[in-house]
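Peer 1: One-letter residues, chain by chain:
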Amino acid sequence: MSGTLKLALKYIVYNQFKSLILIGCIFLTALLPIAIKLLLWQFNEKILSRADATPIVIGVTGSRLDLALHALYFKTQSPGDVRMGETTRIRESGLANPIPINSKFTARKYPIVGTTVDYFEFRELQLSTGTLFAMLGECVLGASVADALQLRVGDQLLSDRENVLDIAGLYPLKMRVVGILAPSQSADDHAVFVDLKTVWVIAGFGHGHQDLANETDAGKILARTDGRIIASAAVLPFTEVTAENLESFHFHGDSEQFPLTAIIAIPPDVKSQTLLEGQYDVGDQALQFVRPAETVRELMEMVFQIKLFFDANAILIAISTLLLLVLVVMLSLRLRQREMQTMFKIGCSRGTIAMLQCWELAIVFAIAMVLVAVAAWGIWSISGDLVESLLLRT
Amino acid sequence: MITINHLRFRYPDSEFQLVIDELQISAGEKVAIVGPSGSGKTTLLNLLAGISVPEAGQLRVGGIELGQLSDAQRRNFRISNIGFVFQQFELIDYLSASDNILLPYAINSTLNLNREIRQESLARATAMGLSSKLARLPSQLSQGEQQRVAVCRALINRPKLILADEPTGNLDPANKRLILEILFEQATANGQTLIVVTHDLGILAGFDRTIDFNLFRIANAAVESVT
Numbered sequence: 001m002s003g004t005l006k007l008a009l010k011y012i013v014y015n016q017f018k019s020l021i022l023i024g025c026i027f028l029t030a031l032l033p034i035a036i037k038l039l040l041w042q043f044n045e046k047i048l049s050r051a052d053a054t055p056i057v058i059g060v061t062g063s064r065l066d067l068a069l070h071a072l073y074f075k076t077q078s079p080g081d082v083r084m085g086e087t088t089r090i091r092e093s094g095l096a097n098p099i100p101i102n103s104k105f106t107a108r109k110y111p112i113v114g115t116t117v118d119y120f121e122f123r124e125l126q127l128s129t130g131t132l133f134a135m136l137g138e139c140v141l142g143a144s145v146a147d148a149l150q151l152r153v154g155d156q157l158l159s160d161r162e163n164v165l166d167i168a169g170l171y172p173l174k175m176r177v178v179g180i181l182a183p184s185q186s187a188d189d190h191a192v193f194v195d196l197k198t199v200w201v202i203a204g205f206g207h208g209h210q211d212l213a214n215e216t217d218a219g220k221i222l223a224r225t226d227g228r229i230i231a232s233a234a235v236l237p238f239t240e241v242t243a244e245n246l247e248s249f250h251f252h253g254d255s256e257q258f259p260l261t262a263i264i265a266i267p268p269d270v271k272s273q274t275l276l277e278g279q280y281d282v283g284d285q286a287l288q289f290v291r292p293a294e295t296v297r298e299l300m301e302m303v304f305q306i307k308l309f310f311d312a313n314a315i316l317i318a319i320s321t322l323l324l325l326v327l328v329v330m331l332s333l334r335l336r337q338r339e340m341q342t343m344f345k346i347g348c349s350r351g352t353i354a355m356l357q358c359w360e361l362a363i364v365f366a367i368a369m370v371l372v373a374v375a376a377w378g379i380w381s382i383s384g385d386l387v388e389s390l391l392l393r394t
Numbered sequence: 001m002i003t004i005n006h007l008r009f010r011y012p013d014s015e016f017q018l019v020i021d022e023l024q025i026s027a028g029e030k031v032a033i034v035g036p037s038g039s040g041k042t043t044l045l046n047l048l049a050g051i052s053v054p055e056a057g058q059l060r061v062g063g064i065e066l067g068q069l070s071d072a073q074r075r076n077f078r079i080s081n082i083g084f085v086f087q088q089f090e091l092i093d094y095l096s097a098s099d100n101i102l103l104p105y106a107i108n109s110t111l112n113l114n115r116e117i118r119q120e121s122l123a124r125a126t127a128m129g130l131s132s133k134l135a136r137l138p139s140q141l142s143q144g145e146q147q148r149v150a151v152c153r154a155l156i157n158r159p160k161l162i163l164a165d166e167p168t169g170n171l172d173p174a175n176k177r178l179i180l181e182i183l184f185e186q187a188t189a190n191g192q193t194l195i196v197v198t199h200d201l202g203i204l205a206g207f208d209r210t211i212d213f214n215l216f217r218i219a220n221a222a223v224e225s226v227t
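Protein chains in written order, with the numbering used here: chain A, 1 to 394; chain B, 1 to 227.
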């Protein structure tokens, strides 16, 4: 090891506090833009990969971004309800395979996603244990939900009440866990999947209750007219679907009119996609046809525009840190004048003294850069989860 | 060893001028320089070490005309021929006593620190009672110990000329005696020339000669100071 390098190391070790402050300044200045770049890159990758894998989303006219993010991440509010009949219409047109989505309710704060089994095939989701839902009231948990709530197949999960103070409101439904998905590092890990009919039961379109045909309690029957029975509020709906009460569950109204929050459409080819798009362009203006990839890219373009301000900010911070470092070095040189003079008197060249200073700065920079690299690696390794949780919080 | 003829020196932006018409110091001689502050004692040491360059006149040390050397040559001359001891010890605070002693080798690539030098410096430090203090920082040493470390550092490159600028100025009487004894002993043992600048007239007895800048009078030489 060269003599000056050894001296520089000893100086840094001796002046730990000052060196740590300098290292900290450089570390933070360098890490900030790198962290933003890494997180943004990860955000871009994550959001685009899911958007790219979702060809078309159909929903009520409104914010395209809200609709796309709702269909992709189940978190943002959908602009409105689309009827189930639209799914039937798309399927019958032969232009796309529609996958209905209804995600309005939550269970222990996790979104309940009413859909069909086609969704699992479409997203290539695998079960780690159990089966897919086959019966009313059954649910399949995303891996993170099962992990966070410590639920296993056979356990039960209650849907959240919309408003605990509204006694006339919807009853929560006790769902039975029949399957748990393998982790997919996506929004699906954080969702509770049920059949559409289950979600419609939660929404109050369907219910089950005791048989009233032979009910004699006048307090439960308000009227019997032409084969219709009008029950009083004393007849409580079942809050759990069991083998025994399954037969009693029924829906009021036309299921084609029941609500969805979005429809994912998978056209077989570009021609079908174009034709389908045309139908929404010239047809029903109450509905819209959204390509999530395009919508998300527009969002990301805006995000990258905003990032330019962060970049400019980072450059200004870097310049001010550099000026601060120059000031610190100059003050340090003044404080160390006697030391330099002594070295000069005993035969040290001014070049060697300058080299000593350079080594000290280089070591400080090197330590800061190593720390930046370690921190960047740390950020990178958690950035996937971080971005995922960020996306799911929107 | 040292020959000075018609030497003139002035610091930039200063009224002070050092003029020495003639001065000769023999090899192995032990010389004390006394005089009031600002009379040019330290300036003479700087000139002899090649740190400053005379404006005019002849300044030969060990047969080398210092005024004709380049900066790098004077630096090499200094590192090879001069051992410097300072009043404030001037130890590097972030280096251990051992590292301070070896400092000339760390900052000059022309010197090669071999085992012989290391053993010699260790033996010298041991002889000066520093063997158990070598790992300590200067702040953990007494003033006398610090000055002994400084003397060890000055002697490590086996200089022909030892220049000491008020080496006893900050020491108590016991350490003062000890440091002078060490300097005399080392200079005598190795045939080195010793020049000590001092204000302390009580230590002059051991020197071969005293140059008095106060009286502008030197035995066997003529020194003039113009202010």
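Because the hints were derived from the structure by calculation, they are not lab data.
Careful, some of the hints might be misleading.
Lysine-lysine pairs mimicking DSBU-like chemistry, simulated, CA-CA at most 35 Å apart [as the list claims (entries may be wrong)]: (1) B:K30 with A:K18; (2) B:K133 with A:K345; (3) A:K104 with B:K133; (4) A:K104 with A:K18; (5) A:K197 with A:K75; (6) B:K133 with A:K6; (7) A:K174 with A:K75; (8) A:K271 with A:K75; (9) A:K10 with B:K133; (10) A:K220 with A:K174; (11) B:K160 with A:K46; (12) B:K176 with A:K307; (13) A:K10 with B:K160; (14) B:K160 with B:K30; (15) A:K197 with B:K176; (16) A:K18 with A:K6; (17) A:K18 with B:K160; (18) A:K104 with A:K46; (19) A:K345 with B:K176.
If you're wondering where the values come from, they're calculated on a predicted model, not measured in any experiment.
Peer 1: With reference to the structure, classify each hint as holding or not holding.
Peer 2: Evaluation of the provided hints:
no.: 1; hint: B:K30 with A:K18; result: violated (45 Å)
no.: 2; hint: B:K133 with A:K345; result: holds (25 Å)
no.: 3; hint: A:K104 with B:K133; result: violated (77 Å)
no.: 4; hint: A:K104 with A:K18; result: violated (56 Å)
no.: 5; hint: A:K197 with A:K75; result: holds (21 Å)
no.: 6; hint: B:K133 with A:K6; result: holds (20 Å)
no.: 7; hint: A:K174 with A:K75; result: holds (22 Å)
no.: 8; hint: A:K271 with A:K75; result: holds (32 Å)
no.: 9; hint: A:K10 with B:K133; result: holds (18 Å)
no.: 10; hint: A:K220 with A:K174; result: holds (24 Å)
no.: 11; hint: B:K160 with A:K46; result: violated (74 Å)
no.: 12; hint: B:K176 with A:K307; result: violated (69 Å)
no.: 13; hint: A:K10 with B:K160; result: holds (31 Å)
no.: 14; hint: B:K160 with B:K30; result: holds (12 Å)
no.: 15; hint: A:K197 with B:K176; result: violated (101 Å)
no.: 16; hint: A:K18 with A:K6; result: holds (18 Å)
no.: 17; hint: A:K18 with B:K160; result: violated (40 Å)
no.: 18; hint: A:K104 with A:K46; result: holds (24 Å)
no.: 19; hint: A:K345 with B:K176; result: holds (23 Å)
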